[in-house]
Amino acid sequence: MSSSGVSIPEGKIARTSGEASQIAQQLGGTVAVKAQIHAGGRGKGGGVKIAKTPLEAEELSKQMLGSKLITPQTGSEGREVQCVLVEKGLNIAKEFYLGIVIDRSRQMSVLMASREGGMEIEEVAHQNPNLILKEHINPTTGLSSDQARKIATELGLEDEGISKAVVLIMSLYQSFQSTDASLVEINPLVMTKEGQLLALDAKMDFDDNALYRHPEIEKMRDLSEEEPLEIEASRHHLNYIKLDGNVGCMVNGAGLAMATMDIIKLAGGSPANFLDVGGGANVDQIKNALKILLSDENVTSVLINIFGGILRCDVLAEGVVQAAKDIGINLPVVVRLEGTNMEEGRAILKNSGLAFEVAADMADAARIVSSLG
Amino acid sequence: MAIWVGENTRVVVQGITGREGSFHAARCCEYGTQIVAGVTPGKGGIDQDGVPVYNTVNESVSREGANASLIFVPPPFAAEAIKEAVAADIELIVCITEGIPVRDMLEVMAFMEGRESRLIGPNCPGIISPGSCKLGIMPGHIHQAGGVGCISRSGTLTYEAVGQLTSRNIGQSTCIGIGGDPIIGTGFIDALKAFNEDPDTTAVVMIGEIGGSAEEEAAEYVKDQFNKPLVGFIAGQTAPPGRRMGHAGAIISQGQGTAVEKMNKMKECGIQVVESPADIGAAIEKVLT
Chain A
1 MSSSGVSIPE
11 GKIARTSGEA
21 SQIAQQLGGT
31 VAVKAQIHAG
41 GRGKGGGVKI
51 AKTPLEAEEL
61 SKQMLGSKLI
71 TPQTGSEGRE
81 VQCVLVEKGL
91 NIAKEFYLGI
101 VIDRSRQMSV
111 LMASREGGME
121 IEEVAHQNPN
131 LILKEHINPT
141 TGLSSDQARK
151 IATELGLEDE
161 GISKAVVLIM
171 SLYQSFQSTD
181 ASLVEINPLV
191 MTKEGQLLAL
201 DAKMDFDDNA
211 LYRHPEIEKM
221 RDLSEEEPLE
231 IEASRHHLNY
241 IKLDGNVGCM
251 VNGAGLAMAT
261 MDIIKLAGGS
271 PANFLDVGGG
281 ANVDQIKNAL
291 KILLSDENVT
301 SVLINIFGGI
311 LRCDVLAEGV
321 VQAAKDIGIN
331 LPVVVRLEGT
341 NMEEGRAILK
351 NSGLAFEVAA
361 DMADAARIVS
371 SLG
Chain B
374 MAIWVGENTR
384 VVVQGITGRE
394 GSFHAARCCE
404 YGTQIVAGVT
414 PGKGGIDQDG
424 VPVYNTVNES
434 VSREGANASL
444 IFVPPPFAAE
454 AIKEAVAADI
464 ELIVCITEGI
474 PVRDMLEVMA
484 FMEGRESRLI
494 GPNCPGIISP
504 GSCKLGIMPG
514 HIHQAGGVGC
524 ISRSGTLTYE
534 AVGQLTSRNI
544 GQSTCIGIGG
554 DPIIGTGFID
564 ALKAFNEDPD
574 TTAVVMIGEI
584 GGSAEEEAAE
594 YVKDQFNKPL
604 VGFIAGQTAP
614 PGRRMGHAGA
624 IISQGQGTAV
634 EKMNKMKECG
644 IQVVESPADI
654 GAAIEKVLT
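Line by line, the protein sequences give chains A and B. Residue numbers for the first sequence follow my numbering, beginning at 1 and rising by one. Residue numbers for the second sequence follow my numbering, beginning at 374 and rising by one.
The following block holds chain B by itself, in its conformation from the complex:
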């Protein structure tokens, strides 16, 4: 039944009265996601496009049974918003916000230690199980329900891959944007494990980029424990060293985190790596036949 989001997902949108929050809450509703509440401190009691707004996440849980949160709160306050959702025992928290200071995220991750919540992001497009639940800003209409799982650090590059799949009539089980920041709540390995155990997922696309060592660590996990066909692409083969390429986490630092290293490691571990982003769809088509 895909992973992490589906028909039982009941969403509270933190920051629903802001420009981004209100726009995307409406788009998710149109897609069929159950948006049960919104939170904007100080605006409790009003109605945002038919969605009741509360002052706190706790109220959205006790009054509306929210079990997931979608966060559109500006960078200076976003870490607090995540912590509030964690403290309210929200099961799945998706933080869209780009620009949260690293120090704040280190504190958030320490805060989450030992708690039940899962965080996706920040600085991500969100997560979608096509046909049942969209928890993010991705364009729903390019997706198609099916069997391929997607995990990506990117936004529009993920849509590119999804578009290539849908145009080949290859549907997706769940697409997860894990985000472009250096400190994120859900990594490749977390998602791969879930896809490995999901009966609906038949193959996975993994889209990484320069910076950090998450892809290399994921490759080790894949070699030892992952049982389904996997296609990978790493963006940034032409990125210069030492520069932040848009995403805060996309930086080749002190010689580490190059695309070539990641691609080589992934190949060594049995992952089919495509050099060109245009070949992702075709590569999946091949492994599924």
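Just chain A, with the same shape it has in the complex:
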């Protein structure tokens, strides 16, 4: 954001409490200590604290670093705090919310703003939707400064404040477009008593589909903030998301994969993961997929659900048998094959000498695998 012209407070990252104290010293005066995790709602979770002295900054950061921060957006497991941002304190006069998101219904991006800065925007939307100002943005012509001025005026800013806000809003839009962001949020956007307008906290989500044209953003990927098995899966171009159940599943197609997780739950089981092998289920991909599933210690059984269209079930079955023989599987594996050459595929599994349970249909598969416990 800074590179696009949005003002931000002075501050530096600290990875130890000692560093935090030093930075607080350099900045002078009151500082804010903010936990750095890949999730919002940090204020609510106790991840944003004010320190009046470098010693306080050291103590506060000591408490945060290495601990798990749980916020409304992290889920109950929370995220480990590996570093904190130590920032120069400000004399805050007013707080606002400012954001740009994609409106899927209107098929346009939309600038949103509210005088209720510092609060969760979903809460504001829920309690008082008319407090949220919106300007939809024409994809061809972009955001106009008139639109920005309208929003700034409706936020209750005056004169110089409006001019500053227009510059900031246009910069924010520029940032949104140039990075192919799917969301940019400044919450809170702060007007200080001295008349400065700056972003006190911000969040940006980037469109994964556009990363190919943003190597500079791709470089910012912080693997230490991600789940190791998911990192491994992405190396093999497998679409994998780890959950906390015990039935590992491997499916072709995202919708079918979600439906398979759903049916496992309905049958009384608990899915261990989402995994879409897509159309490219050759022996190597299946091996990689099975290895990753089995690396999850919580997995006690595996469900393979394949609807073969272009992908032939006999080819898939051969791949599964080969993979199982190569890596050795000691857990029950339930396979459901449907579609092209399904009879041939089922026969290959039954005659493999390996302990595959072949299910008749989706409901059957879920029932069997859930009863295995």
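Just so you know, the hints here were simulated from the structure itself, not pulled from any lab data. Predicted model, so just to flag it, every value in this text is computed and none were measured. Think of the CB as a built atom: it goes at the ideal place given N, C-alpha and C, for glycine as much as any other residue. Errors might be hidden in some of the hints.
Covered stretches of chain A (in silico footprint by chain B; criterion: 3 or more residues with CB under 8 Å from a CB of chain B, positions within the stretch not fixed) [what the hints assert, rightly or not]:
hint	segment
1	103-112
2	136-149
3	248-256
4	300-310
5	334-341
Computed list of lysine-lysine pairs in BS3-like fashion (alpha-carbon distance at most 27 Å, straight line) [unchecked claim]:
hint	chain 1	residue 1	chain 2	residue 2
6	B	Lys659	A	Lys265
7	A	Lys134	A	Lys88
8	A	Lys88	A	Lys150
9	A	Lys134	B	Lys638
Take the given structure of chain A and dock chain B to it, following the hints.
Same frame as chain A, now just chain B:
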């Protein structure tokens, strides 16, 4: 006569000389679809499995009378390919490509404003009127001609539903994969309207998933204006919040777009919602008797 694709559909395959394009063009031909041309810029003049290849979509329209397009162009160039087809006044454009940046699709949709073309997708398996025209990558042989319309954001989950119908000897009028992206050319409501007016369609299956509010908006339309039996299923009841579940559009964002919300809204609006994907076929069978 089913909707949007049939015997009069004349198809140009954009990207026909690529691996995906050539493979699927051949499968569609085998099914009986009229593939009249292919387009790959720079390869005009050659023949791909008996199909003449041109440099531009315009040529495929003027020389071969193409009125529909099937796009297999990689993500960095797919949006341009769609715009080219729109500019050539192609009536129905099906874009299979997964991975087109959202910003590009917002521009495509703005470009299409006021034009005659219909876009299905991107990131979709396509559209099929069983027995007459297959414009996509779905396995033709699992389909059967008949009276049930299908609209789905998914690929293989749609085949699962179709398989359940065919095994009960319940045929399909037209099956449309609207795609898994957040910004798509044809939504549930567009397809529902067409099915509502199609004399051949007697009931509809609607398969949604987490993310966005399209199913909720469709439910409102159904309550007010849709006159045929409708069975719905929403995938992702067990999806965690904030994660993209394969499809770019399948994400529970800031608390919105959960499966439960969609299912409740659909039920409130008179849509029969099944909890299990295994029950789709049986539910349709029931409403048709």
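- prompt: What are the numbers of the hints the structure violates, in ascending order?
  reply: Failing hints, ascending: 7 and 8.
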